[in-house]
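Chemist: Here are the chains, one letter per residue:
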Amino acid sequence: MLTIDALGPGTPARLARIGGNGGFRRRLLEMGFLPGTAVRVVRRVDIGGLIEVELRGCRISLRNSEAHRIVVEPVTP
Amino acid sequence: MTLASPPPATVPAVRRIALAGNPNAGKTTLFNRLTGRRAKVANYPGVTVEIESGTWEVAELGRVDLVDVPGSYSLSAHSAEERVAIEAIAGLPPSPLPDAVVVVADATELARHLYLVLQIRELDLPTVVALTMVDRLEALGRSLDLDGMALALGVPVVPVVASQGRGIAELGAALRRVIDAGAPARRAEIVVEPQTVRADVEAVAVHVPEAWHRGDRGRARALARWALLSADEPAVTSGLPRALVDAAERHRHAAQAADRDLDAEIVGARYDWIDRHIDRLVRNPPGQEPRTWTDRLDAVFLHPFVGFAVFVAVMTVVFQSLFVGADPFIGWIEDGVAALSGAASDLLPAGLFRDFVVDALIEGVGSVLVFLPQILLMFLFLGILEDSGYMARVVFLMDRVMKAVGLHGRAFVPMMTGFACAVPAILATRTMERRRDRVLTMMVVPLMTCSARLPVYGLMIAALYPIGSEQPFAQGLLMAAMYLFSIAIALAAAAVLGRTVLKGRHAPLILQMPPYRRPQLGSVWRMMSTRAGIFLREAGTVILVCTIGLWILLAFPRTAPDAAAFAAQRAAVGADAGPEQLVAIDAEEQGSQIRHSFAGRLGRGIEPAIAPLGFDWQIGVGLIGAFAAREVFVSTMAVVYGLGDAADETSRPLRDRIRSELRPDGRRVFTPLTCLSLMVFFALACQCMSTLAAVRREAGGWAWPAFLFGYMSVLAWLASFAVYQGGHLLGFE
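Residue numbers (this note's numbering), protein chains in the order written: chain C, 1 to 77; chain B, 1001 to 1733.
Hints are computed from structural coordinates only; laboratory data are not their basis.
Glycine included, each C-beta is placed from N, C-alpha and C at the ideal position.
Any given hint might turn out to be false.
Computed footprint of chain B on chain C, listed as stretches where at least three residues anywhere in the stretch have a Cβ under 8 Å from a Cβ of chain B [said to hold, decoys possible]:
#1 6-12
#2 18-27
A few chain B positions that, by computed beta-carbon distances, are all more than 12 Å from chain C [to be verified]:
#3 TYR1073
#4 ALA1111
#5 TRP1332
#6 PHE1485
#7 ALA1584
One-sided and incomplete, this derived list gives chain C residues near chain B with beta-carbon spacing under 10 Å [unchecked claim]:
#8 MET1
#9 VAL42
#10 ARG43
#11 VAL45
#12 ASP46
#13 ILE47
#14 GLY49
#15 GLU52
#16 SER65
#17 VAL71
#18 PRO74
This is chain C alone, in the form it adopts within the complex (with noise of 0.2 Å):
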């Protein structure tokens, strides 16, 4: 099972499950991380211990704690 936070910069995606609960997991989907949505990650920066991800034409900033919880598979180009 890969999460987000384990994805490679670039490496295009699709998101299978969001995990967590209330608050936080209905702003992601409301933010538009719905299954089946393209995504990839922009950048990691390990000091700060948050990654950016593009989906829908935006840019998104999680930690990796909370962004452990997404499952995603990876897109064969």
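Given the structure of chain C, go ahead and fit chain B onto it with the hints provided.
Modeler: Relative to chain C, chain B alone:
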């Protein structure tokens, strides 16, 4: 005889238009453009969420009241701010139903912004979409099918470039059309939900109160969806009708039991609509082409090493400007106030009234105005940081550090500003969305070593070393230690308060990274003037009243019991007295007066409480005086010692007196331990009425400033006690 008749009852009330949109959608720029400079800020009843409103002149419609709803990504509420947003847009009591809604959407991030448009669309209100950043979209080589979008959404879509005034007239015309039509051209529900969700929504809609949906079935269903998406957020559902919350919870549980994902079903239906339309609405849709400038800048600004170097450089510029750059302006204000005092002294006859005007009124106004340079500079930098998009990068870089002590990444700028002055720092907390984050930052910012503490430290450090045996290195080291001490205590206090008094749920970070943009200096200036105006009006009055109160404490009773003795002294030195002699006698009499004043008595009254810290009652008077501003401690001590009120921490007579002052039993007052204990006390105590006034304004009410004063005083007392008594036990003096 009255000729004027009351205005006819048929005059229509001013129309109320809600301006909604995602954060960063360009909503504020549009609001400023539409309302010019006529905005007023009001606190939303019950919560400290501000709502700005202004008057917009619309051709053939007249004046409308434009309400700037707090920016939110969706209508489902996760915080007090978002609850205010839904109440203002949907017109939930006590908010009146708006006559129309203008939704601001960013054309370059259309997919996500359409989500809010669809949600608002469901409320079945006259709605217009104002599309911003169309010029940027075109610069990216993409184009929009505006007619197609209006047709698909069933509401007018107007492209606007607020900074240049393009599209404003068209927006007004569209608004007039939808208000005349009374409702969207098509029925509310363009999004098709799965049957299962539809059944849940219908069942919950029955429990939406009549006062909310006002007979509109579509709106009832929209509010039912809102309730379904918010039902497990206790902070949000408090105060909602019980039946509605119960019904929503029942249906959520039922869906969960059936292994359904209700959240994803409701949200997914809207994104299905967006996915089906977006490729036709935006030609050459987003995804592949790089956001050139933002990408190039982020490669530098978010670089693990270079990015931090840039960050340190940017923050140094901001801090230096606040710390040093504000100085000349503060000097001008102080000179102006001094000139005014001088003029008033010359004009008014000597007596109580003159003293009141000069020492209380003008002094009080001066102590409010003196904050203006730093506040204006603070908001200038905040505006530039926010508008340019760099603030999101600050959060990105500082998140790990700030999260470790439970603070929001955005708290970094206020904390840093606290080294200059807590007042602008407290005003700067408003860049944080969550109230808990704002209040927690306000509770720890006053612990940072602000510049007003430096004169006190300077005097104490000087007193530690006799003249001639100064050790600049050791003195500098001690000053540096005070800075480190304050940072350590502030971070520790944040960690403790954030886990106890201000215990918040774990707040995940979902940080939108906006593209870099050139700041709009017009809206930055407008924010600066609005915030400064609010400070002057609301915190300023409190500071003025406190100054007058302190003046009464220090200046009454007006004459010292030994006034006759001083008069005799003046007579004795007679006509051949030099001016220095008379000034010295005046200073002695002033000292006698303050020692016998209410503050003097209060100082004696609190002596038992501060004696264990190594302070005598005269230091107690200084502490009372320091409440006006910490540096006033120095001049108050000078007055108490009969040295006049012109002394500062570098003046020789005051330093000598501090070194030589003896207690009644012959021991020195300012022993090294007392000096150290006093410095620790000043580092920790909230000896600053302006800070408390600013917290009252920003946190709403007196509860938080009272807590701040209480916890810092207790902390200061305990720490000073430990230093003084512990030092004694270890054999120090």
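Chemist: Does each hint fit the structure? Answer for all of them.
Modeler: Results of checking the hints against the structure:
1. A count of 0 residues in the segment 6-12 of chain C with a Cβ less than 8 Å from any Cβ of chain B is obtained; the coverage claim is therefore unmet, three being the minimum.
2. With a threshold of 8 Å between beta carbons, the proposed coverage of the segment 18-27 of chain C by chain B holds, since 8 of its residues qualify and at least three are required.
3. Once the 12 Å rule is applied to beta carbons, TYR1073 of chain B is inconsistent with being away from chain C; the minimum gap is 6 Å.
4. Residue-level check failed: ALA1111 of chain B sits 4 Å from the nearest beta carbon of chain C, not beyond 12 Å.
5. Its beta-carbon lying about 41 Å from the closest one in chain C, TRP1332 of chain B satisfies the requirement of being farther than 12 Å from that chain.
6. Distance check on PHE1485 of chain B: its Cβ is at least 27 Å (rounded) from any Cβ of chain C, clearing the 12 Å threshold; non-interface status holds.
7. For ALA1584 of chain B, the shortest C-beta to C-beta distance to chain C comes to about 62 Å, beyond the 12 Å cut-off, and the non-interface label holds.
8. Interface hint at MET1 of chain C: violated, since its Cβ lies 18 Å from the closest Cβ of chain B, which is beyond the 10 Å cut-off.
9. Below 10 Å, beta-carbon pairs count as interface contacts, and VAL42 of chain C has one with chain B at about 8 Å; its hint therefore holds.
10. For ARG43 of chain C, the interface hint holds, since its Cβ comes within 10 Å of a Cβ in chain B; the closest pair sits about 6 Å apart.
11. Annotation: VAL45 of chain C was flagged as interfacial toward chain B, and the flag holds, the nearest CB pair being 6 Å apart, inside 10 Å.
12. The beta carbon of ASP46 of chain C is positioned within 10 Å of a beta carbon in chain B (closest approach about 7 Å), and the interface hint is therefore held.
13. With its C-beta approaching chain B no nearer than about 5 Å, ILE47 of chain C sits inside the 10 Å limit, and its interface hint holds.
14. Hint status for GLY49 of chain C relative to chain B: holds, with the closest Cβ pair at about 5 Å, below 10 Å.
15. Contact between GLU52 of chain C and chain B, as hinted, is supported at the beta carbon level, the nearest pair being about 6 Å apart and thus within 10 Å.
16. Checking SER65 of chain C against chain B by beta carbon gives a least distance of about 9 Å; that is within 10 Å, so the hint holds.
17. For the restraint placing VAL71 of chain C at the interface with chain B, the shortest Cβ-Cβ distance is roughly 14 Å, beyond the 10 Å limit, so the hint is violated.
18. Against a cut-off of 10 Å between C-beta atoms, the interface hint on PRO74 of chain C is violated, since the closest Cβ of chain B lies about 17 Å away.
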